Amino acid sequence: MRTSILQLLRENQNEFLSGEWLSSQLGCSRTAVWKHIQTLLDRGYEIEAVRNKGYRLKVFSDAFTEDAVIGQIRAVWPDAAVEFYSSASSTQTLAHRLLETMTAERGIVIADEQTNGKGRLGRSFSSQKGEGIWVSIVMRPNIPVHQMPQLTLVTATAVCKAVREQTGIELTIKWPNDLLLNGKKCCGILTEVQSDPDQVKSMIVGIGLNVNNNDFPEWLFDKATSLSMETGERFDRLQLLSALIHSMETMFSLYEEKGFSVIKPIWEASAESPGANIRARTRERVYEGINRGIDDDGVLLIEKENGEIERLLSADIEKIPDKS
Amino acid sequence: MLKIQEIRELIKLIDESSIDEFTFEQNGSKVSMSKNNQPTVQAVNQSGATPVAVPPAPEPAPQPPAPANAENQAADPAGASGTAAASAADADLVAITSPMVGTFYESPSPDAEPYVKKGDPIQKDSVVCIVEAMKLMNEIEAEVNGEIVDILVENGQLVEYGQEMFTVKRK
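As they're listed, the protein sequences go chains X and W. Going by the working numbering, the final residue of the first sequence carries number 324, and the count climbs one at a time with no gaps. Going by the working numbering, the final residue of the second sequence carries number 171, and the count climbs one at a time with no gaps.
Isolated chain X (complex conformation):
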């Protein structure tokens, strides 16, 4: 409901919308509309309310300054070690350095621009100035070592939750942790873990969320997108960051306390194309079959042509286009 109100305000950004009109559009009382507007105000949306005219969403502003960013982070994690850079080579590399001396339970390295963003296995990650959230989060999850791989799925659910709450946009998850919007990649997650044989010592999660990007290098054009490119709107990165950190805390607490069984249905609710034909490339071979989702450990299940189910722990998957 709240996201629907926000949606209507966004679609009519320069106009006042009366409480009466909003209530008829949404099928609720004017009091309910008023309450939802109050919640949006609490969350930092600048909504003008004028008697006899109604509500209007004020012009977008995105003040992603060091003070504002650190303020947002400390509001959730008062004791976190925080580093902000207006430009950095790679937040992930800097987070590794931060971890060497860090005593806090949580750490964050965030940059307004990455000049050498790091993807998995040394791949580069496109991250232009002012357009996205490029952040590396350091945590020390208290979980048994054999559960470690599930951390990637937990992070994916946390990002989906934050984006949904702030923007109303539903990202989908391509196993295990690529986040897509209309089938194109909108957010990349790189999870690196330091562990002993018997315990997880620390985890550095790099999250690159394309927010207000309007353009990508040509070679990425049919693969990558941003929240803005798919909706035609611009979003407040500061609010998104705040929601992201909240959501990471919530999902990881839940996971540490209750285990993967509670994360699994949340992950599945956002999962991309269950039941679709997919191609899964492992290092040795390529599997084609039906996406049968994940098992209780988060491992990908693919049903091969002979009806057998294969469990895949390491694979890159892609959807096979319909033959029509």
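The set of hints was computed from the structure by calculation and includes no laboratory data. On a predicted model such as this, the values are computed, not experimentally measured, just so you know. Please note that the accuracy of each hint is not assured.
[Said to hold, decoys possible] Where chain W lies over chain X, by a calculated footprint (3+ residues, C-beta under 8 Å):
1. 148 to 160
2. 195 to 203
3. 273 to 282
[Said to hold, decoys possible] Cut-off 30 Å, straight-line C-alpha distance, at most; resulting in silico cross-link-like pairs (DSBU-like, lysine-lysine):
4. Lys-129(X) <-> Lys-258(X)
5. Lys-35(W) <-> Lys-117(W)
6. Lys-264(X) <-> Lys-129(X)
7. Lys-169(W) <-> Lys-304(X)
8. Lys-129(X) <-> Lys-118(W)
9. Lys-201(X) <-> Lys-30(W)
10. Lys-12(W) <-> Lys-201(X)
11. Lys-53(X) <-> Lys-161(X)
12. Lys-304(X) <-> Lys-30(W)
13. Lys-184(X) <-> Lys-118(W)
14. Lys-124(W) <-> Lys-201(X)
15. Lys-124(W) <-> Lys-171(W)
16. Lys-161(X) <-> Lys-223(X)
17. Lys-185(X) <-> Lys-53(X)
18. Lys-264(X) <-> Lys-201(X)
19. Lys-12(W) <-> Lys-258(X)
20. Lys-264(X) <-> Lys-118(W)
[As the list claims (entries may be wrong)] Okay, the calculated beta carbon distance ranges per label pair:
21. Gly-293(X) <-> Gly-156(W): 24 to 32 Å
22. Ala-276(X) <-> Gln-26(W): 30 to 38 Å
23. Pro-114(W) <-> Glu-46(X): 14 to 22 Å
24. Asn-27(W) <-> Asp-79(X): 32 to 40 Å
25. Asn-14(X) <-> Asp-111(W): 45 to 53 Å
Even glycine gets a Cβ: it sits at the ideal position worked out from N, Cα and C.
The hints should help you fit chain W onto chain X, whose structure is shown.
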């Protein structure tokens, strides 16, 4: 290749029996089991298909058991005993084992130099390789000061829980 359910049943039967070691071969697939304090189970498919791993017990033994790797098993049907004999022969030789099932990577990226080579000196906190599962990159630290004597797995190979990846001469 045996199905997971069949392997599960085998484990159960062996577990309830007084048999300490068990090996079963069929069509190029081999399953070896041996009972230590905690039973260690490993399935190796010699035809090259994806090995099946039985997830570790929720509470692993304080000293994780080190099952023999595929090479040892091929050479020595007694499996784990081969490793034990080698360790007894040279107490300074220790293994770095994988803490999880996943893909072994020798370097941080395909075009980068390997983290370590044979003969390299290593410190406790030296990263020696990455084991990847479900896109989680686990940077494995040596946990021991010494020198890399042998690398037992190949880049891109699937490693099992507890599988030996490096032999290190302790210093």
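Hints, one by one, checked against the model:
no.: 1; hint: 148 to 160; result: holds (count 6)
no.: 2; hint: 195 to 203; result: holds (count 4)
no.: 3; hint: 273 to 282; result: violated (count 1)
no.: 4; hint: Lys-129(X) <-> Lys-258(X); result: 39 Å, violated
no.: 5; hint: Lys-35(W) <-> Lys-117(W); result: 34 Å, violated
no.: 6; hint: Lys-264(X) <-> Lys-129(X); result: 35 Å, violated
no.: 7; hint: Lys-169(W) <-> Lys-304(X); result: 45 Å, violated
no.: 8; hint: Lys-129(X) <-> Lys-118(W); result: 43 Å, violated
no.: 9; hint: Lys-201(X) <-> Lys-30(W); result: 35 Å, violated
no.: 10; hint: Lys-12(W) <-> Lys-201(X); result: 33 Å, violated
no.: 11; hint: Lys-53(X) <-> Lys-161(X); result: 33 Å, violated
no.: 12; hint: Lys-304(X) <-> Lys-30(W); result: 23 Å, holds
no.: 13; hint: Lys-184(X) <-> Lys-118(W); result: 43 Å, violated
no.: 14; hint: Lys-124(W) <-> Lys-201(X); result: 14 Å, holds
no.: 15; hint: Lys-124(W) <-> Lys-171(W); result: 11 Å, holds
no.: 16; hint: Lys-161(X) <-> Lys-223(X); result: 23 Å, holds
no.: 17; hint: Lys-185(X) <-> Lys-53(X); result: 40 Å, violated
no.: 18; hint: Lys-264(X) <-> Lys-201(X); result: 24 Å, holds
no.: 19; hint: Lys-12(W) <-> Lys-258(X); result: 28 Å, holds
no.: 20; hint: Lys-264(X) <-> Lys-118(W); result: 42 Å, violated
no.: 21; hint: Gly-293(X) <-> Gly-156(W): 24 to 32 Å; result: 26 Å, holds
no.: 22; hint: Ala-276(X) <-> Gln-26(W): 30 to 38 Å; result: 35 Å, holds
no.: 23; hint: Pro-114(W) <-> Glu-46(X): 14 to 22 Å; result: 53 Å, violated
no.: 24; hint: Asn-27(W) <-> Asp-79(X): 32 to 40 Å; result: 58 Å, violated
no.: 25; hint: Asn-14(X) <-> Asp-111(W): 45 to 53 Å; result: 51 Å, holds
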